[in-house]
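Q: Residues per chain, in single letters:
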Amino acid sequence: MKPLAVLLGLILLGGCNAEERSHVVKLEKGGYTGTADGVLSDATRLTLRQRMAWLTDGPAEVAAGDGPAPTATATVSGRITGQNY
Amino acid sequence: MARMKFLCDAERCIHCSGCVTACKNEHEVPWGINRRRVVTLNDGKPGQRSLSVACMHCSDAPCMAVCPVDCFYQTNDGIVLHNKDLCIGCGYCFYACPFGAPQYPSTGNFGGRGKMDKCTFCAGGPEVDHSKAELEKYGRNRIAEGKLPLCAEMCATKALLAGDGDMVSTIYRERVMARGFGSGAAGWGQAYGKKG
Amino acid sequence: MLIKKREGSTAPSRLSETLAAVAGATVDRRAFLKRSGLAAGGAVLAGGLAAGTVRRAEAVPQAPDASTVTKRAICTHCSVGCTVNAEVSNGVWIGQEPAFDSPINLGSHCAKGAAVREHAHGDRRLKYPMKLEGGKYKRISWDQAIDEVGDRLLKIRDTAGPDSVYWLGSAKFSNEQAYLMRKFAALWGTNNVDHQARICHSTTVAGVAQTWGYGAMTNSYNDIHNSKAMFFIGSNAAEAHPVAMLHILKAKEQNHAPLIVCDPRFTRTAAHADEYVRLRPGTDVPLIWGILYHIFENGWDDKEYIRKRVWGMDQVRAEVAKWTPEETERVTGVPGIQVKRVAEMLAKNRPATVVWCMGGTQHTVGNNNVRAYCILQLALGNIGVAGGGTNIFRGHDNVQGATDMGLDVTTLPAYYGLAAGAWKHWARVWGLDYDYLKSRFKSPELMEAPGIPVSRWFDGVNEAKENIAQPEPIKAMIYWGHAPNSQTRQPELKRAMETLDTLVVIDPYPTVSAVLHDRTDGVYLLPAATQFEVDGSRTASNRSIQWSERVIKPMFECKSDHEIMYLFARKFGYAAELFKNIKVEGTEPLVEDILREINRGAWTIAYTGQSPERLKAHMANQQTFDKTTLRAVGGPCDGEYYGLPWPCWGNAAMKHPGTPNLYDTSKPVKDGGLNFRALFPEYKGESLLAVDSWPEGSELPAGHPGVTFGMLKKLGWEADFTPEEMAVISKIGGEKIDEVAWTVDLSGGIQRVAVKHGLAPFGNAKARAVVWNFPDPVPIHREPLYTPRRDLVAQYPTYADKKMMRLPFLYKTIQDKDVSKDFPIILTSGRLVEYEGGGDETRSNPWLAELQPDMFVEVNTFDANNAGLRNGEFAWVFGPEGGKVKVKTRITERVGRGVAFMPFHFGGWYQGKDLRSKYPEGASPIVLGESTNTAQTYGYDAVTAMQETKVTLCRIEKA
Ligand code: SF4
Ligand code: SF4
Ligand code: SF4
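Residue numbers (the working numbering), protein chains in the order written: chain X, 1 to 85; chain H, 1 to 196; chain F, 1 to 959.
Just chain X, same shape as in the assembly:
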């Protein structure tokens, strides 16, 4: 009986992906312990914010620094006179 159980266990284990076999399943919830990710620089953050201008319909001016940037200053180009936007 015993060898059979071992065999069965091995077969079951074989069903897992190789890299999964050594995993420790935690029974209590903890925090992330994996490799730490890089942190964005402020310059990158500013670039990202400026890049958001393209998500509107046209180029917009985006203020530097923190806080919501007023897209109200967006320059909608090419209006014709009398247009109501």
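Hints in this document: simulated from the structure, not taken from any laboratory.
Each hint should be verified, as a subset may be incorrect.
Stated by the list, open to error - For the chain X half of the interface with chain H, some residues (derived, Cβ under 7 Å), not all of them:
| hint | residue |
| --- | --- |
| 1 | T35 |
| 2 | S41 |
| 3 | R49 |
| 4 | R51 |
Stated by the list, open to error - With a straight-line Cα cutoff of 30 Å, these simulated DSS-like cross-link-like pairs (lysine-lysine) come out:
| hint | chain 1 | residue 1 | chain 2 | residue 2 |
| --- | --- | --- | --- | --- |
| 5 | H | K147 | F | K71 |
| 6 | H | K132 | F | K553 |
| 7 | F | K155 | H | K45 |
| 8 | F | K438 | F | K155 |
If you're wondering where the values come from, they're calculated on a predicted model, not measured in any experiment.
C-beta: ideal position from N, C-alpha, C; glycine also.
We have chain X already, so just place chains H and F with the ligands on it with the hints.
A: Positioned in the frame of chain X, the structure of chains H and F with the ligands alone reads:
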């Protein structure tokens, strides 16, 4: 600096799936895995609306709460990422996610699942930025390049907004004001709590 | 405990509930999972695409580094003309970035455009020349291919005449390739040369040009920003021209411009409409007349505009008077009250733009439909104003350009026609002797006779010999960039393919042409490069010409189309003539030289100012162009319009900025202003010249015919010509120098002097609401050949049978047979956003194929239940001419009762049979399916032979 958010403007989305293929293109996401997809409600009837959905990178992410191996982490900018070396493909996060974001390749034997894959907000993973390992496991890291998620940047109608949450709301609010109506920022309450 | 619940959190609500708030509907979770591709588990996966994180070594996405260069190309999937910024590192296409600078797409793409980098993989491409031998495709060399194909064709030319070889070109060509192919066919000695425009917008080109001058989109996608109302009929822009919606939704949101969508199907465009008008397929003219009825009745027509600029409106009024709200409703099915509401919206929100696509053009009465749309706009005074116009969205990325380049059975490049004068003009441009050209043809009559239209090439094989007005039937077919499954009557087409002596496919993909027939030999497949693998210019729908840079070298053994043309021309012995003015490097002709030759000859539509240098400068300075007006503000292109939309008068040195909105009299001609063309200065003694209307700044403030040297002389402007111009003009004119017209003056002097004095070179006349040289001078309603409304046939009959374009055309014979009892459902077809055209290319792209794995038929719930159909199950759709297709059922309210819809991008199945095993190994598209055209039937436009795909009848049964 506000956190990163997604918003899909249902008044604009035309279900063209540009966002979906942009994502596949950018990260070479394999067949069967959809980090982003578009759903249409009331299909074929008046009131038909489409929405592009992916991981919303929630403030209080349910996936993080349920993961038995704690493979998730949230960056300073609010992006929810995970570590594929730790992930065991158990599928709990899929059941916890209100947006159905986590995806699994069926690679294991016995129909087992491979490592979970989901939208990274185009921010790669914990590996060194732009390293080969990061590319292969998580796709391209646009955020570190100073670029926003490609799905939003390429959206056919600029329905899909991504980036600094405050700016996203400002753009959306202005749009709603200009047109005089909006169908609400779908999923925002769910993902980012009341203050949205 | 394995799972720790979050403090205070309730059970997570699902996406379905979250989304339900948006539309007040719920998504069934199963359906949702299915859509997400999870439940399916990639089951549709064909051909072993590995799941997992395995990537291809050669084209992995990678962060740009020092080796990365950005190439600026143009998307090859629709006429919007989105710029594609391709990142290339060491010759490998590694990434695609949004092209924010492009004034047309501002970085946006639809599913197709966002997936074009798949070209860098090209897994399912046709990789080397192949030949069908004993029913199997075998690899051969290029030399062998050119030799064998060449010999076969030369033999046919000798025995049956040049007209027995059909050269079918492509809207996928660049302008240079399209032009070269037309010239190539001319030197071969035939007018049997055509391309997709025949089956997409030929009715538009003919009908609109005959109405006011040029058969093209009048304004631009961007100009829709200025619209106060938008009227779509037979256009599903959200799927066919997705990025156009960027501009449309902008007008909708910011101008509060009502969006009116008329379509038998509640499309994704209709989902964004303020007013959705569901009309019975094939009743466009009655609907437009029904709307005009109210416009005339209430005096909403622009009488001043009509007086000055429109001819024949009174005859239209008489016809429109018949279309009372009751009659309109009886015929179209649209409630009278809605028609009135639409009329009022259009009247009270000016300018309105009218947009149409293949829903309007692909009918036996296509030319009537398009002219009715034009007349609606003329009545409202909406043509020639920003925000107005007929914005005709063309289909393929370069179908506008290929049409302009005369890849067509009825004309030489630039709409010169086929008369002796046209041949002489092009002979001059080509530096060839007119008599030499004549000697290439079987007879002078055939040289000036339109060829067999592509919509019916197979009838040029199948018809009895005595019914075909050329010496011998077609014996060889060259499918050069065209999907056969986009043509109706597939069983007939299959039969013709089997009768041919030789079938040649020149394409990046094997296409359905490789597998549809049951031939065992005489088929050659030659791998062509895509537009991402060559340089060249392409014309977007708005007439902007964009230079598309080569991204990567041709993959595998593919060759560029112009190189293949060179190889064949060399084999046929006319390479020296074909490339007289064009430098050939090795075996590759220089693209820029071809464009320069176009510039020297295409005066009618003024493709003359767009030199390669100017076009490249526009691409390099995209950011300087205004996103609404398309005009550059500052920078090297200051004052020019993006892509120099034709007409761009004179030669490049004249620096005309291009014409953004056609017929706009508020600007001087030199700044892109224009008036209607004087195609016919008079009719039966009555003048058609414009009255009290001319472009701003014209020194001849009156209507006038097309400009000739003599006319300018009379106006006293002879002194303005330079000696060089005079030399050219007198050489062309000889004795009759006064007759040299703006269209044939190779110096460009006539255009330059005319424009200098503010005159439109093509004259200044009224638009014609009545086109007396067409079968129906005033557009009238005619019931489709296959109509379920037999009660209307007597009152609105179709045409009598007739002969044109070398073939008999049946109308009455077909309509007289009533099949509506056995085939009660109207069948119509259309586009999906993921695929394009016949779909061989897009169905081979895994990123797209995954999104749309099945061919289907949309059936209304009512009809489906009556026929016992179940959603998602297979059904047979039977056509009245014997074709049948086996497709998945989609039960939906999207189509109305009595109407079924099928997309036309599928192929690779034939009447229930999967043809995958017949493809060359490894080159079958990922997704195969039935072609709707197997069930589609006879029916051709009475002017252009456009195929009828939008109305036929069918019966649907459970499979
Ligand atoms: S943010 Fe990036 S990873 Fe996420 S869906 Fe968009 S493109 Fe894909
Ligand atoms: S690209 Fe934009 S419009 Fe198209 S489906 Fe995605 S979110 Fe909707
Ligand atoms: S298919 Fe048309 S709309 Fe889509 S990306 Fe290409 S050009 Fe743009």
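Q: Against this structure, judge whether each hint is valid.
A: The hints, checked one at a time:
1. T35: Constraint on T35 of chain X satisfied, holds at 4 Å.
2. S41: 9 Å, violated
3. R49: 5 Å, holds
4. R51: OK, holds: R51 of chain X within 7 Å of chain H, min 5 Å.
5. H:K147 <-> F:K71: 19 Å, holds
6. H:K132 <-> F:K553: 26 Å, holds
7. F:K155 <-> H:K45: 59 Å, violated
8. F:K438 <-> F:K155: 20 Å, holds
In summary, the structure is inconsistent with hints 2 and 7 from the numbered list given earlier, while agreeing with the others.
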